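The chain contents come next:
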Amino acid sequence: MAITDNGRKRIYAICKYAILCSMVFIVLYPMLGVFYASFKTQAEYLSTSSMQPPEDWANFSNFYLVFVRGNVVTGFLNTAVITVAACVTSTLLNTMVAFCLTRFDFKGKNLLDRFYMAASFVPSIIVHLIIFKDFAAAGLVNNLISIIILYTGVDIVTLYLYKQYFGQISVSVDESAIMDGCSYFRVYWNILLPMVRPAITTACIIKITYIYNDFYTAFLYLPAKEKGVMSTVLYRFIGPYSSQWCVIAAGIIVVTIPVFIGFIFAQKQIYKGFSDGAVKG
Amino acid sequence: MAKMNRLAAKRQREKNKIIIAFLIVPLLFLLYFTVYPVVTMLLYSFTDWKGSATPFSVLGVKNYVEIFTTDTYRNIFKTASYYLVAGIVQQLISLFLAVIMGKALRGSGIFKGFIFFPFIMNGVAVSMVFRMFYQIGGGLDVLLKAIGMEQCIRVWMTNPVTSNICLAFIYLWKNVGYSFLIYLGTMQSVPGEYYDAAAIDGAGMWMQFKEITFPAIKMIIGMMVTLSIVGSISVFDIPYVLTNGKNSTNSFATTLVETAFTYSRYGLACAMAIIMLLLAAIVMVFKNMVFKEENDNGYNR
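These protein sequence lines map, in sequence, to chains A and B.
Under this note's numbering, the first sequence has 49 at position 49, and the numbering climbs by one with no breaks.
Take the position in the second sequence, starting the count at 1, then add 281; the result is the number in this note's numbering.
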């Protein structure tokens with residue numbers, strides 16, 4: 001009996017690993033072709049199978065083209081500026097609202113809460129139909145500020161995350177600080193904000209991933225070549241290099257590497273960020 | 282006593298000041314980025330507004346009628362259904378994977394990493410990867426040849442059905458890691474003793490899933506399904522980068538952008554946006570109705 005049980009367990013384990021390995025294969029296989037192609041010359045790409053490794057692993061000419069002509073450096077810098085600025089502004093706005101909602105009683109508090117709930121029903125894609133006109137009229141198109149403003153807003157998931165963290169901190173913490181002569185602003189800024197640091201990390205990770213991956217907003221508001229961000233820079237490769245798939249492949253690799261490095265170093269926080277964001281929201 | 286009152290009044294004034302100071306900007310953002318566009322869109326959806334200052338006339342519900350009767354616009358519902366199916370398959374696969382990995386499995390960290398990574402990859406990069414993958418002689422063709430299914434090879438991206446399936450697969454490929462992560466996290470929050478006790482009582486794997494795992498993750502499943510339904514109508518980068526909406530692969534989002542920004546038919550685009558909004562709202566309300574009473578069950582809310 002014990003032997004058959006063990007045997008069954010082993011079969012289960014083998015099946016599990018087989019399924020997981022095939023998942024890994026499905027994830028890696030499409031990317032492998034791109035990785036190979038990024039080292040191939042155009043002639044080689046056309047004459048060899050797409051799943052055949054390149055002849056010369058030291059052929060970096062595609063990467064050279066990506067960096068020199070592809071505006072990748074500009075795109076990376078623009079993305080970095082936008083990300084940092086939007087993280088700061090959205091953290092401030094979200095925590096300020098969460099602070100008011102958890103610390104004070106005021107007229108319209110529940111209404112505001114419900115308002116944010118209702119706002120989350122609105123797909124962000126559609127509001128740009130109207131907003132874009134105004135931004136264009138104000139001369140904000142092709143200005144990084146426009147997109148920073150767009151990424152700033154309070155969103156329900158982040159707000160709930162902060163509300164939860166603020167809610168866990170006892171009000172007596174505020175009260176004793178007030179007794180000691182702190183203003184409400186000091187309570188928020190010097191006492192509570194440092195205490196919700198884990199929530200800030202979580203929210204910023206979600207924000208960074210969102211901004212790095214967002215194509216639509218940047219495509220619409222930053223159409224100029226020198227205002228490209230990572231997604232739009234890569235997208236614009238299609239035009240001039242439309243048949244040069246090796247250069248495009250190198251572009252894909254270059255855009256993916258920062259995410260990969262970030263993922264390796266912040267894996268735990270990223271997992272936590274996405275599960276907290278979803279489950280607590 | 283008077284001093285106490287004065288202090289309390291001063292405190293109240295300070296409170297009011299900070300509430301106003303802290304909420305004014307977020308409130309303006311909320312009004313400008315949500316309320317104002319939605320109201321404006323609703324109004325313009327009944328007109329032939331061209332997005333400029335030129336005069337426009339009121340059409341009534343003509344825009345809405347056009348969306349539901351013109352093939353190009355009707356097709357967006359068909360396209361959405363492909364992504365919807367992909368979204369449902371995504372839930373099934375990720376649930377299955379999470380169950381497999383639920384109990385400590387050696388090497389699970391690495392597998393988790395591989396399965397999750399596509400989710401945080403740049404959407405344009407992913408779309409480009411698959412543009413190369415679906416090319417003639419690309420990765421897919423090589424794979425089919427290798428497993429002896431050569432007769433299945435075709436030009437993937439010219440036929441409406443195959444190209445939509447191909448696009449929906451990308452959506453699945455990219456998002457499966459996310460729902461997997463969420464399901465796994467929720468399942469792992471269920472105390473292990475529950476399973477041990479069930480095993481002693483002779484419950485098999487299916488019974489354990491049905492009686493312990495499923496009740497714990499029911500709410501999360503509801504949320505993930507809602508997200509994927511809403512996501513299936515707002516998918517943009519994948520069809521835009523791969524086919525530019527050609528061959529009947531135009532999604533809600535790509536058609537909206539084209540209608541407004543290429544053809545300047547803003548009134549019509551507004552009507553589409555309102556339909557999109559209504560669909561999203563219906564799904565959310567429906568989800569809240571289904572999952573409301575059972576809020577207290579399960580281990581995670």
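The reader is advised that the hints may include incorrect statements.
[Stated by the list, open to error] Simulated coverage check for chain B against chain A, where a stretch passes if three residues somewhere in it have a Cβ under 8 Å from a Cβ of chain A:
(1) 364 to 373
(2) 406 to 419
(3) 515 to 527
In short, the hints are calculated from the structure, not lab data.
Because the structure is a prediction, the values reported are computed rather than measured.
Don't be surprised by glycine CBs; every beta carbon is placed ideally from N, CA and C.
Consistency of the hints with the structure:
1. 364 to 373: Check failed, 0 qualifying residues.
2. 406 to 419: Contact hint for the region 406 to 419 of chain B vs chain A: holds, 9 residues under 8 Å.
3. 515 to 527: That given contact holds, which follows from 5 residues of the region 515 to 527 of chain B lying within Cβ reach (below 8 Å) of chain A.
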